[in-house]
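With chain A fixed as given, assemble chain B onto it according to the hints.
Same order as they appear, the protein sequences are chains A and B.
Counting in the working numbering, the first sequence runs from 1 upward without gaps.
Counting in the working numbering, the second sequence runs from 1 upward without gaps.
Hints are computed from structural coordinates only; laboratory data are not their basis.
Given the structure is predicted, the values throughout are model-derived calculations rather than measurements.
Please note: incorrect hints may appear among the correct ones.
Just the calculated beta-carbon pair ranges, DEER-fashion [stated by the list, open to error]:
1) G114(A) <-> Q274(B): 55 to 61 angstroms
2) N30(A) <-> V10(B): 54 to 60 angstroms
3) Q23(A) <-> Q274(B): 33 to 39 angstroms
In silico EDC-like cross-links for lysine to aspartate or glutamate, where the CA-CA straight-line distance does not exceed 20 angstroms [what the hints assert, rightly or not]:
4) K322(B) <-> E137(A)
5) K466(B) <-> D511(B)
6) K248(B) <-> D103(A)
7) K80(A) <-> E185(B)
8) K143(A) <-> E577(B)
From the three backbone atoms N, C-alpha and C, an ideal C-beta is built for every residue, glycine too.
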Amino acid sequence: MKVLVFNPQLCDGCRICEETCSQTWFKETNAEKSAIRISPLEDQPGRYQATVCNQCGECIDICPTLALTRDRHGIVRVNKKRCTGCLSCVGFCPILAMYIPPDYVVPFKCVACGECVKACPTGALAIEDLPKAPLTETEKRMKVVAL
Amino acid sequence: MKATDKKQVVLEILAEYRYTPPKVERGYANQTLYVNVSDNTIAAKPVDEKMKHTFVGGRGFGLWLLWNAVRGTTKWNDPDNEVILSSGPIGGTTVYPGSGKSIAVSLSPLTGTVMDSNVGGHFGPLLKFSGWDAIEVQGKADREVIVFVDGNKGVVQIIAAPELADDSYALPEQLLDLFAETDEERIGISSVSTGPGAQHTLMGCLNVSFYDPRRKFVRLKQAGRGGIGTVFRHKKIKALVVKYIGVKGDSNGPASWAELTEVGKRMHREIYEQDPIMNDMRGNGTPYLVSIMNEFDLLPVHNFRYGSHPEASNLYHTEFRKHYSLGIPDGCWYGCTLACSKCVERFQLRTGPYKGQWVHVDGPEYETIAGVGSNCGIFDPYAVLEINFYCDTYGIDTISFGTAMAFCMECYETGILNKERTNGLELRFGNAEAMLEALHQMGRGEGFGTVVGQGVRRMKQFFAEKYGADPAFLQDIGMECKGLEYSEYVSKESVAQQGGYGLANKGPQHDEAWLIFMDAVTKQIPTFEDKAEALHYFPMFRTWFSLNGLCKLPWNDVEPADNKRKYPPRIAARVPEHVHNYIELFTAVTGREDIKEPEDLVLMSERVYNFQRIFNLKMGFGTREHDAIPYRSMGPVTIEEYESRAERYDQQLREIGFDPEAKSTKEKLAALRRHREQRYESLIDAVYKRRGWNSQGIPTLETVKRLGIDYPDVVALLKEHLQ
Chain A
1 MKVLVFNPQL CDGCRICEET CSQTWFKETN AEKSAIRISP LEDQPGRYQA
51 TVCNQCGECI DICPTLALTR DRHGIVRVNK KRCTGCLSCV GFCPILAMYI
101 PPDYVVPFKC VACGECVKAC PTGALAIEDL PKAPLTETEK RMKVVAL
Chain B
1 MKATDKKQVV LEILAEYRYT PPKVERGYAN QTLYVNVSDN TIAAKPVDEK
51 MKHTFVGGRG FGLWLLWNAV RGTTKWNDPD NEVILSSGPI GGTTVYPGSG
101 KSIAVSLSPL TGTVMDSNVG GHFGPLLKFS GWDAIEVQGK ADREVIVFVD
151 GNKGVVQIIA APELADDSYA LPEQLLDLFA ETDEERIGIS SVSTGPGAQH
201 TLMGCLNVSF YDPRRKFVRL KQAGRGGIGT VFRHKKIKAL VVKYIGVKGD
251 SNGPASWAEL TEVGKRMHRE IYEQDPIMND MRGNGTPYLV SIMNEFDLLP
301 VHNFRYGSHP EASNLYHTEF RKHYSLGIPD GCWYGCTLAC SKCVERFQLR
351 TGPYKGQWVH VDGPEYETIA GVGSNCGIFD PYAVLEINFY CDTYGIDTIS
401 FGTAMAFCME CYETGILNKE RTNGLELRFG NAEAMLEALH QMGRGEGFGT
451 VVGQGVRRMK QFFAEKYGAD PAFLQDIGME CKGLEYSEYV SKESVAQQGG
501 YGLANKGPQH DEAWLIFMDA VTKQIPTFED KAEALHYFPM FRTWFSLNGL
551 CKLPWNDVEP ADNKRKYPPR IAARVPEHVH NYIELFTAVT GREDIKEPED
601 LVLMSERVYN FQRIFNLKMG FGTREHDAIP YRSMGPVTIE EYESRAERYD
651 QQLREIGFDP EAKSTKEKLA ALRRHREQRY ESLIDAVYKR RGWNSQGIPT
701 LETVKRLGID YPDVVALLKE HLQ
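Chain A with its partners taken away, still in its complex shape (with noise of 0.2 angstroms):
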């Protein structure tokens, strides 16, 4: 599956990241609404972590009303139609890579796109090709379902 990946190594803390993927997404330059964020290491000054979304998919099994799905490159997606704007998912991100800007109903998180790793100028972004995740509680059984 597809992931966004992060080498604290090479990261500077330019956060030319976070303003490539809210332009992306929502066209303006706004940090709330990049669905990478950049902070930094307190015990090692000058070091950098990056919270974004691994692709899980714990968050499938939180949904209440199936509106957060894998797609065929293994990418955690939500369907905007589907969504109640609960936010069950972004309190139950283990990792908090889910996103709720303050003016919008429905959460956002990384898909993969690439466009930060584009835009990195010192190489600390990648998109892999990891191992599948493990099916979800739900992925197994509408599986079940479908059959």
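Here is chain B on its own, set in the frame of chain A:
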């Protein structure tokens, strides 16, 4: 009926009303829906600012609409009586856990006065998004009808019910087949229905549905208390159905979406972090309480005689959890991450009309397990699941059923009842087979089951008159107050909880106050004044949930990690940060800026709470004599009961200066009783005073004036009684 048969069903529309669905603004649609099934009237009633300010919504709206619909002489089975469902301004919010409740209000067949009962499921929120803050159904149809609200098209119809199932297991599925045009629409439909047991007893419940898209079937939640299902059935309402497709995070029209998301996100995260290490409601649901109650001697056993039992572990959450399908959202409204609405997906029934079939069972909740389980001496989880299934299917309240059966079982074991009087049912504690048969009799409307279905109050009278049983003994062991059966906690060791039950407006239900730990275990409220303060604050605070369309559980069944460290115990019990969340939530939804402190929430409730007390007065109740409780809820009635906890009771006698040495159990029993009864009266005095009521329990004119509920008819009624 299968979806494919739908085209063959031609619906006979008896009345139709078209409207333009208003946009919900700040939690309100600003109108309520009036339906009269006698003359097929459908009308909109406006909701003004004063109504919102005084009654808020939910239970408050229900009480106000009903107050204006009935006279003091109206009986539950008069066409003038109504069934009202309303959610409340926060109801339908998707971001905060527990925000999908509806509150049903009606005159109760069991109590004869006003009843409120809260319920999950999607009905109230979808009704509001369809443009109605409440639905009020009056009249009595001459044949079975369905009231259908299509909130997308803006149509309300009264429809002659086609041939559909009679019970609440099959019927809600058929209603989806009937009203969903595509499979995707099933999620946008919710129904209210009941079953044949509601017709043949006085303890009928309402089943409110929601569609579970993963399990692919309809789930049910119950407005169980007080027989509102019986009123529903008496009116010949087959179902209320609402359809609204397109729920969004802002469907409730919040004043501030940004503030709402902040408080919602915070609470979801707290549940994510805290619930697994606290009560694990997400894994266990409310059955987690069974072990706690058993360990603290609070689990009703054998008609509330005892608080624990060696076999109770058979009913612990561990026994039910293994049957649940987990890892699936189990909220009864969107965004409820506390997710206590558990489901046993495959269960094979041993008895009744569905015998041999594999069915799904919603629940069981703690109250059901304790009521139809331990309180009746049933310690078999499969029997509890089967009884739970049939109570829901027949439309019978599990609490009233459990408490009424337990009463009958004690009557049977003490010889008041026998096989002849029960038409062959051997109603000994622990006889699940006999209990199930009584339940099926309720469904069929025959046999001794229908006697049980009259409730404890009527059975007491019946057994005394017909079988010559001692009325005083029946009064002692018959666990009802105001005509409503007790919910499932042993209150003997907590006088505050005795008051919590006895003073509850609708009858003994714990949703007003649950003070047992605070009073009897951690001893935080030692004096009568302390207890009275708790019996002011908690019933008012808890009332607030029912005005707003909220569930109580996310308030204190999960707590911030530092709650108990940060605050002294008495304050921690209020969960101050969650109270603050509710203030934020209410403000974010309604935009009202005058609600800033916990006291402001209490004041909102106080208006409605006092109004409900006065409503009881209007109906011929609502005074001190109606707050009297059976002695079983205060202390040991029998010698056997006393001796089972002799050490505890002896010690208590010593503490009040009565030397138990060389005294017979009978003497000790009498001394303890004198003390406890007197203590209850002292508690009542203190609570009335704290609430601004006179010594007869009637709100004073000053109180209603302070609360702004001094409507001319309220004042006239009070003047009549205060003289």
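Hints, one by one, checked against the model:
G114(A) and Q274(B) have their C-beta atoms about 37 angstroms apart, which leaves the hinted 55 to 61 angstroms range violated. Between N30(A) and V10(B) the Cβ separation comes to about 56 angstroms, which falls inside the hinted range of 54 to 60 angstroms. For Q23(A) and Q274(B), the Cβ-Cβ distance of about 37 angstroms falls inside the hinted range of 33 to 39 angstroms, so the restraint holds. With a C-alpha separation of about 16 angstroms, the suggested pair K322(B) and E137(A) falls inside the 20 angstroms cut-off, and the hint holds.
Taking the CA atoms of K466(B) and D511(B), the gap is about 35 angstroms. The hint is violated against a cut of 20 angstroms. For the suggested pair K248(B) and D103(A), the alpha carbons sit about 14 angstroms apart, so the restraint of at most 20 angstroms is met. As the CA atoms of K80(A) and E185(B) are separated by approximately 16 angstroms, the hinted pair is consistent with the 20 angstroms bound. With a C-alpha separation of about 42 angstroms, the suggested pair K143(A) and E577(B) falls outside the 20 angstroms cut-off, and the hint is violated.
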